[in-house]
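Just so you know, the sequences run in chain order A and B.
Be aware that the first sequence starts at 1, since it is given in full-length UniProt numbering, and climbs by one per residue.
Be aware that the second sequence starts at 1, since it is given in full-length UniProt numbering, and climbs by one per residue.
If you're looking for bench data, these hints aren't it; they were derived computationally from the structure.
Treat the hints with care, since some could be wrong.
Unchecked claim - To spell it out: a stretch of chain A is covered by chain B in this simulated footprint if at least three of its residues, at any positions, have a beta carbon under 8 Å from a beta carbon of chain B; those stretches are:
| id | stretch |
| --- | --- |
| 1 | 6-17 |
| 2 | 91-105 |
| 3 | 233-246 |
Stated by the list, open to error - Result set (DSSO-like, lysine-lysine): computed pairs, CA atoms no more than 27 Å apart in a straight line:
| id | chain 1 | residue 1 | chain 2 | residue 2 |
| --- | --- | --- | --- | --- |
| 4 | A | K229 | A | K181 |
| 5 | A | K294 | A | K316 |
| 6 | B | K151 | A | K229 |
| 7 | B | K99 | A | K316 |
| 8 | B | K151 | A | K316 |
| 9 | A | K316 | A | K229 |
| 10 | B | K151 | B | K99 |
| 11 | B | K147 | B | K99 |
Bear in mind that the values here come from a model prediction, so they are computed numbers and not experimental data.
For every residue, glycine included, the Cβ atom is placed at its ideal position computed from N, Cα and C.
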Amino acid sequence: MPHTMQDLRELMEDRSAGAPHPPDRLGQVRRRVRRGARVRAASAAVGTAGVAVAVGAFLTAAPGAGDRPRPASGPTAVELSPPRPGTPPKEGMAPLGDRFLFRAGEKTRLRIVPTGRTTLLTHRCSAEVAIYEVKDGELSGGGCSPGGEGFASYLATVPGRPVTLDLVALPSRAPEPSGTKDLDAYLAAHRPVSAAWSVHVYSGTCTSETCKAPERRAGVQGSTVTGLKRLARTAGKGDGRVRTAAFTSSGRSVRLRVACVDGTAWAIVRVGGGTPRMVGCERAESFGVTWDQKARAGVRTDVDVRVLPAEVVPGKRTDPAAIENLMRGVAPAGTWTLEVYDLP
Amino acid sequence: MRERPDYAAYVTERSPRLLRTAYLLCRDWGLAEDLLQTALVKAWRAWRRIGDDPDPYVYRILVNTHASWARRRWRGERPTDEPPERADPADAMGTAEDKAVLWAALGRLPRRQRAVVVLRYFEDLTEPQAAAVLGCSVGTVKSQASKALAKLRIDPEILAVAPRGRD
């Protein structure tokens, strides 16, 4: 052998030794995480669910004051205050108003009437808190660091069509809720604490790169199923297990949309026992990937779908045994939705 | 979702080494940085369930993400970011040229085999550990490593320079 194993090891050590060190890799990763959260937040408004929220908070109460159960109560409805004169637009969007709130640990229902196709919520805070939003029964959210970028939520909206959000600020010591049930359980078990937090809302035509993509996608991909009758819907986790939905189309073709979020990446879709189709849905996030498929009018048709997490890289084989093999030792991740629409 | 405190420590401590692994997989520093950050973002999302030893999970994301990028035409793999090395006139033994040839041969290995070589002989993972990262059997790791080394052994360019380099 012309080279020894030692040569190979030394070569890899030498070649990889000149790694450039970016000044702040952790900061870059955090920015990418936040950007991903914002994109998902905006996309959720277009299609499926899950919105990252933007609220600011300033906790003023000592923790522990309210750790006693309390009767569940509904959200407190609030309206936006008119924007202060001279409030500048943000990212090309005009200020709709703001709202200063003074309690954490309870739901606040905010009603917004957008004036543009994008609505932006921003927050300010001077203490570490976690802010959550419940929209259409789905929970999402994140933290707010004092003096940091905080969270911003870009919603794809229809001018004049009201949007209602439930906002909740939780002390950072509170356990992170994994869903609305967790959140409601926490709120029922703890009394609100005094806090001051603010939400600032803008709406209009977004000019920043951050929200350009969601807005553009809302106009293109989001509209591909607009006005079509939904025939079937199924959803699940990215666990490789097969789910089946059935539909009966009125025409000779249907439109399918697969939306993947939070770590699901590949959908294997089989319509009417035909050839399975591998759909890479990770890049489209929850905007979804849409395509048309032939169908037999008036005939009940099954559509089978298996969705794999991003951790898995599928090969050419898509049979159940191959999928089971791929999923061996892989934890399910993310969620997905498959919808079938009628194309008359 | 709030960031776990140990995540920041992990990124700070381990990312220099992980970047080197990423570079050996994709052979481009810019792409390697992108690959590493993508893997770290994915790890951030799954941090709660990763457990005490994140390395195997992050290695797996690196390997699989690189594989999926290489599959997509829009992010085609670049074999090298540097011009081929020339022999240093002062290097009478031809060591530099030898290494350049070996490096090029390493780049010609199929993606999966290169990943096995990097995990086994750069990261010094055991065969079961490499199998866990790659999601395959220990036997597959053995055979892929064996095939990779055999390919390096009979690589025509390596054979062409071997007599001069080893004389």
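Kindly indicate which numbered hints from before are broken by the structure, ordering the numbers from low to high.
Result: hints 2, 3, 4, 6, 7, 9 break, sorted rising.
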